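Trainee: Dock chains B, C and D with the ligands against the given chain A, drawing on the hints supplied.
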Amino acid sequence: MVENPHLSVKLGSLILKNPVMTASGTFGYGLEFEPYLDLGKLGAIVVKGLSLKPRLGNPTPRIAETPAGMLNSIGLQNVGIEAFLSEKLPLLSKFGTPVIANIFGETIEEYCAVARRSEESGAVAAVEANISCPNVSKGLDFAQNPQATLKITQALRKATSLPLIIKLSPNVTDIRVIARAAADGGADALSVMNTVLGMAVDIRTRKPRLATVTGGLSGPAIRPIALRALWQVRQAVNLPLIGIGGIMSAEDALEFLIVGASAIQVGTANFVDPQSSVKIVDGLRTYCQENNIADVNSVVGTLKSDPI
Amino acid sequence: MVENPHLSVKLGSLILKNPVMTASGTFGYGLEFEPYLDLGKLGAIVVKGLSLKPRLGNPTPRIAETPAGMLNSIGLQNVGIEAFLSEKLPLLSKFGTPVIANIFGETIEEYCAVARRSEESGAVAAVEANISCPNVSKGLDFAQNPQATLKITQALRKATSLPLIIKLSPNVTDIRVIARAAADGGADALSVMNTVLGMAVDIRTRKPRLATVTGGLSGPAIRPIALRALWQVRQAVNLPLIGIGGIMSAEDALEFLIVGASAIQVGTANFVDPQSSVKIVDGLRTYCQENNIADVNSVVGTLKSDPI
Amino acid sequence: MKGSVLYNLSLEGDKFLMGILAPELAKTSRAGQFVMLRVSESLDPLLRRPFSFYSLGKGTTAERLQPENHLQSHTQTVPGISRGIRTRSPDSVEFLYRVVGQGTRIMAHMEVGREVDLLGPLGKPFPLPTEPSQIFLIAGGIGIAPLLVLMEDLQQREPELFQRCKTTLFFGGRRAADIVGVEDFQSMDIPVHIATEDGSLGQKGLVTDLLTGRESSGEKNLPRLVYTCGPHAMMAAVARLCRQWRASGYASLECLMGCGFGACLGCVVKSPSSAAEEIPFTYRFVCKEGPTFPLEQVLW
Amino acid sequence: MKGSVLYNLSLEGDKFLMGILAPELAKTSRAGQFVMLRVSESLDPLLRRPFSFYSLGKGTTAERLQPENHLQSHTQTVPGISRGIRTRSPDSVEFLYRVVGQGTRIMAHMEVGREVDLLGPLGKPFPLPTEPSQIFLIAGGIGIAPLLVLMEDLQQREPELFQRCKTTLFFGGRRAADIVGVEDFQSMDIPVHIATEDGSLGQKGLVTDLLTGRESSGEKNLPRLVYTCGPHAMMAAVARLCRQWRASGYASLECLMGCGFGACLGCVVKSPSSAAEEIPFTYRFVCKEGPTFPLEQVLW
Ligand SMILES: Cc1cc2nc3c(=O)[nH]c(=O)nc-3n(C[C@H](O)[C@H](O)[C@H](O)COP(=O)(O)OP(=O)(O)OC[C@H]3O[C@@H](n4cnc5c(N)ncnc54)[C@H](O)[C@@H]3O)c2cc1C
Ligand SMILES: Cc1cc2nc3c(=O)[nH]c(=O)nc-3n(C[C@H](O)[C@H](O)[C@H](O)COP(=O)(O)OP(=O)(O)OC[C@H]3O[C@@H](n4cnc5c(N)ncnc54)[C@H](O)[C@@H]3O)c2cc1C
Ligand SMILES: Cc1cc2nc3c(=O)[nH]c(=O)nc-3n(C[C@H](O)[C@H](O)[C@H](O)COP(=O)(O)O)c2cc1C
Ligand SMILES: Cc1cc2nc3c(=O)[nH]c(=O)nc-3n(C[C@H](O)[C@H](O)[C@H](O)COP(=O)(O)O)c2cc1C
Ligand code: FES
Ligand code: FES
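Protein chains in written order, with this note's numbering: chain A, 1 to 308; chain B, 1 to 308; chain C, 1 to 300; chain D, 1 to 300.
Bound conformation, chain A alone (with noise of 0.2 Å):
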């Protein structure tokens, strides 16, 4: 038995302690999450979505329960960077764990601004770039076009440093395309995947259940259908994925490092657990341990597929 696996991954130029991030949106500004658990277990901490100026966000409902998952049209409420930084950032940097900012714009110009304010406050480890909110957009999602992906990504590579992750939608018809894009406009990794598009009625009101009619589909749920979407996108492309939706357990995890991911993140269990991150580090490390795996690494993409 293996007592102290290797759990350290590494995205590019980052580091990460271990596999587990928590999911942009699911896990506030981490700080909510102090009573619950060691913010400094986590191999990184993905912030809610942050833009330039302050948001609102929708009107209410914004959640509404489905059959293992929920629906959210959150709308990207945040305090803006500036607040982020100097208010939170400060807070959130003690604890030895990379932080991510997770960011969007209504235009290409909002996203390099956000990403440079990143950057210049020297404790922001990475940046996440969300181009793939359904919640927010009127019509299309860059991450819908790859031309648009193309641009956008070549734009942020150009305005930052830091490595540059890139979230992708799976609203697709062909996620591999979006995925290729990202990777030719200079994305140092591939978030795998943003919420499912969908919808529920209040039969007896005859309403939408969401103020917005449609949001974002995330929990169990989606699991199969992020699984599929990483492992498409990881025929795709040759970098770095991060694997995302309906990650309640280590299991679960484990399934998404055997398709491929190097690290995964951790977004509606948080909610249903706030300990449900660092309980999967933890069972991440016991897995690891019972099988006699040395290091993490050498589960990522070992799925055993027969040729059909």
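Calculated directly from the structure, the hints in this document are not laboratory data. Take the hints with a grain of salt, since some may be wrong.
[Unchecked claim] So, partial list: chain A residues that the calculated Cβ filter (under 7 Å) puts toward chain B:
(1) 67
(2) 71
(3) 75
(4) 172
(5) 176
(6) 204
(7) 214
(8) 217
(9) 251
(10) 254
(11) 255
(12) 258
Fair warning: this is a prediction, and the values are worked out from it, not measured in the lab. Yeah, the Cβ is synthetic: ideal placement off N, Cα and C, and Gly gets one too.
Mentor: Below, chains B, C and D with the ligands alone, put in the same frame as chain A:
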């Protein structure tokens, strides 16, 4: 209280005694359900996808359970249109419920041939073309490309005078574009939607849980995706729509009617409870009675959504 | 945090009273706070459910709420079987809940001894009165829940102040079956005025009908302090009354909650923005900044 | 069809024996058939689980399977609490099951009186012997389940034939804890030979090790009829032996099942195609054409 609400709905020239159909591939050839329910009570029976020649289908494992859902890659195993017409259809016809042939092929010509044979039988009420099965095509499906959708719909429109239903796939960037193509091609109604492409991994063996690696996700997990797809298609075309995806109860069915489906199909629910479909018919009747609704059609498309 | 079901009693209509052994929670929680309860280990339902404390087990009530065994209850959805007997202890907490959906239906079936997974205490407590005052408690339906614990907490912590406050409960519902827990208040010598919409108990009408027109009958009939919980429209009406009465008031708000501790940003309520801000309103988080709010902090 | 749990006994290892009151099922089912059991009303887990009958409650066994209360059991996942006592009746059916995942874990927690939702009887029964024969029952682990009911059914329906058959059970497992139910066979005077891979009970090795080399010791040591259930590889080995022995044999197959009644087409097994067909093999549905198959109908 309305004692005998009018439950009959029209899909173009096709008249159903109620809005509840069974989804292709989840109801066998109908006869498998004879021990469990009165097939005469259903709005329509959509049989397992039929091809020109019999098909063996995919290797096992063919199904896997996921949170509130299941994956399948049956590979469209079927007895072939001829055996269906000669062996199954005569037995099925006696229930007085319209039988809809779900058809597929590897080429447009095959599709058309199956449609023609269906019409020639004189006992098939309509044709539902599965242009979106994720388990057989190696590349992209017809349903993932508007031009291909247009072409196959036009060809089928020429090949048969039966009511023509085109079944759409959710695995697209913008389902509205595909829906419009099908409408332009001459479809009489659209089925929204087929399964979502998904995947699951057995962490013990590190193999995919399906022999084909990926497969179609169905069941309540995908209901929010199906409702959203229906809502998008509702805004894009003026055809009668059939809502499909994760419907387990009359309440679920009502969500689809409210969003704008004239009829619905019950799929995975048939496995969990073989009586699901008739229970949903009964549930819709009770709902109309209790809510003083004289005609179920008056529920269709009544979603109240404030513009935001 | 794990707790263990001590009793799960079927009350009037579709209401249940659940006692849970959870010493840590009983010790650290305050009136107005809530827990997020996980009703099952299954992924469906997925999210936790918020419940206010009805009692923190510290109070001692002489006359106990009478659980009735409603095997022939008028509610169809719930078998309505009482399990266990009500035995509060300093180590137990109580939730008064109404069966409205999948989660509460599962709760209604929980057996004695069943382990439950609780997250809490969460949210801001009700501020207790600081000086002897006339207090109105105004509840609608299941909104009664956080008001009992408030009075028990006050009685426990400041017995003298409790004695010197003049407290009255105004309690409304749609029908008699909505009115539960009255005995718990009466046993603390808190008078109870009831209104039901169908007139099946107390005065016919809304609970606010019991309250309008009080200004005319003189100052001494008006409260200094109001605590309210119930349907949104009722609390909005109470907020208007409090402005008329120049009374301070606190409401306990309900709202869909994804997490209960400030992480999902799902639970916002519109709040007046401060003059300094240029925005028409601001959002406050019901789970962290509430669920108890000064009435004027909410844009009703 | 609804049934009600009569007992749910924790046996060796992670095995449980569940008795269910289900008169209709007990009456109409045959050995080798199965039910699809819905373990919860939740949508997770969604699908029903297939279980073969272990007993149809008709048999009368003198010595009863001894349920042990494994509170200090070696299995971590299951509390291993026995509920109720084993009392079979003509109206009850029994399932012997192993806890392997979410569904069976939920089953292991079911209380006496709990209502369960069963679909069945499904599938094809084992054909009973038609003449006095030497019969080998060959089981691996939980594969023992459908073999007891087979013998009880025979004893019940054709007591004389049962007497005149010479039946032996060969039972293999990985360790002693995998060997359950032996007493139920012994009480029917069926001798039991055991093999475990770790040698903790019976002969060390595979169950098929107990069976090889029999040809040399003469005809009378060979069976005419074989019934087998267990891991695929074991049944494949048994199929080979049966060819050598020129014995007829039947296997009860396991396979992932979406529905259990021929609707999903998920449960196929490869079968030799008839000479007339031009395809290399054909698929048969385990749920409808099985789960019991003549050994030669399966491409092992
Ligand atoms: C701070 C707070 C305290 C509460 N205290 C009590 C109490 O003491 N007693 C009581 O009976 N109820 C209380 N509620 C309401 C209670 O949380 C809901 O009735 C319960 O969540 C319904 O769950 P369900 O699964 O039965 O209903 P479903 O309708 O099936 O639930 C679906 C989803 O909607 C949410 N939901 C449904 N109704 C409400 C609601 N009214 N408020 C918030 N979320 C809702 C559920 O949590 C779940 O996420 C409180 C709510 C809040 C926010
Ligand atoms: C005809 C038949 C008879 C059976 N009889 C028995 C019996 O008498 N006793 C017993 O202990 N087991 C029996 N099994 C196996 C039993 O069905 C599985 O162990 C059970 O479904 C596992 O469910 P789970 O939720 O605990 O496991 P999970 O692994 O969580 O289940 C996930 C999914 O896989 C399926 N699955 C997992 N293992 C099996 C398996 N071995 N066979 C079929 N499906 C599986 C489940 O049904 C479910 O759909 C039988 C299987 C078949 C096909
Ligand atoms: C309430 C909520 C808010 C979210 N906000 C963001 C966000 O601000 N930026 C972003 O990139 N993703 C956001 N997401 C998406 C998650 O980061 C994640 O990609 C998605 O939820 C799938 O993972 P899960 O199933 O584990 O939750 C949000 C998700 C939820 C549920
Ligand atoms: C086992 C299985 C087989 C299916 N086979 C077909 C098929 O042959 N043709 C088709 O158009 N759809 C097929 N489908 C898709 C269903 O008809 C339906 O569109 C989908 O399952 C979503 O509905 P549900 O969530 O109610 O199951 C199949 C689905 C399942 C689960
Ligand atoms: S409930 Fe999640 S932030 Fe309040
Ligand atoms: S299990 Fe569905 S066809 Fe056999």
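Trainee: Each of the hints needs a verdict: does it hold here or not?
Mentor: So, going through the hints one by one against the coordinates:
Annotation: residue 67 of chain A was flagged as interfacial toward chain B, and the flag holds, the nearest CB pair being 4 Å apart, inside 7 Å. The interface hint given for residue 71 of chain A holds, since its Cβ lies 6 Å from the closest Cβ of chain B, which is under the 7 Å cut-off. Among the interface hints, the one on residue 75 of chain A is violated; its C-beta lies about 10 Å from the nearest C-beta in chain B, farther than the 7 Å criterion. Interface restraint check for residue 172 of chain A: the shortest CB-CB distance to chain B comes to about 5 Å, inside 7 Å, so the restraint holds.
Interface hint status for residue 176 of chain A: violated, as the beta-carbon distance to the closest one in chain B is roughly 11 Å, over 7 Å. Proximity of residue 204 of chain A to chain B is violated relative to the hint, the smallest CB-CB distance being about 10 Å (cut-off 7 Å). Using the Cβ-Cβ criterion of 7 Å, the hint placing residue 214 of chain A at the interface with chain B is satisfied: the shortest such distance is roughly 5 Å. A distance limit of 7 Å between C-beta atoms decides the matter here; for residue 217 of chain A the minimum to chain B is near 5 Å, and the interface restraint holds.
Proximity of residue 251 of chain A to chain B holds as hinted, the smallest CB-CB distance being about 6 Å (cut-off 7 Å). Look at residue 254 of chain A: its Cβ gets to within about 5 Å of chain B, closer than 7 Å, so that hint holds up. The interface hint given for residue 255 of chain A holds, since its Cβ lies 4 Å from the closest Cβ of chain B, which is under the 7 Å cut-off. Interface restraint check for residue 258 of chain A: the shortest CB-CB distance to chain B comes to about 5 Å, inside 7 Å, so the restraint holds.
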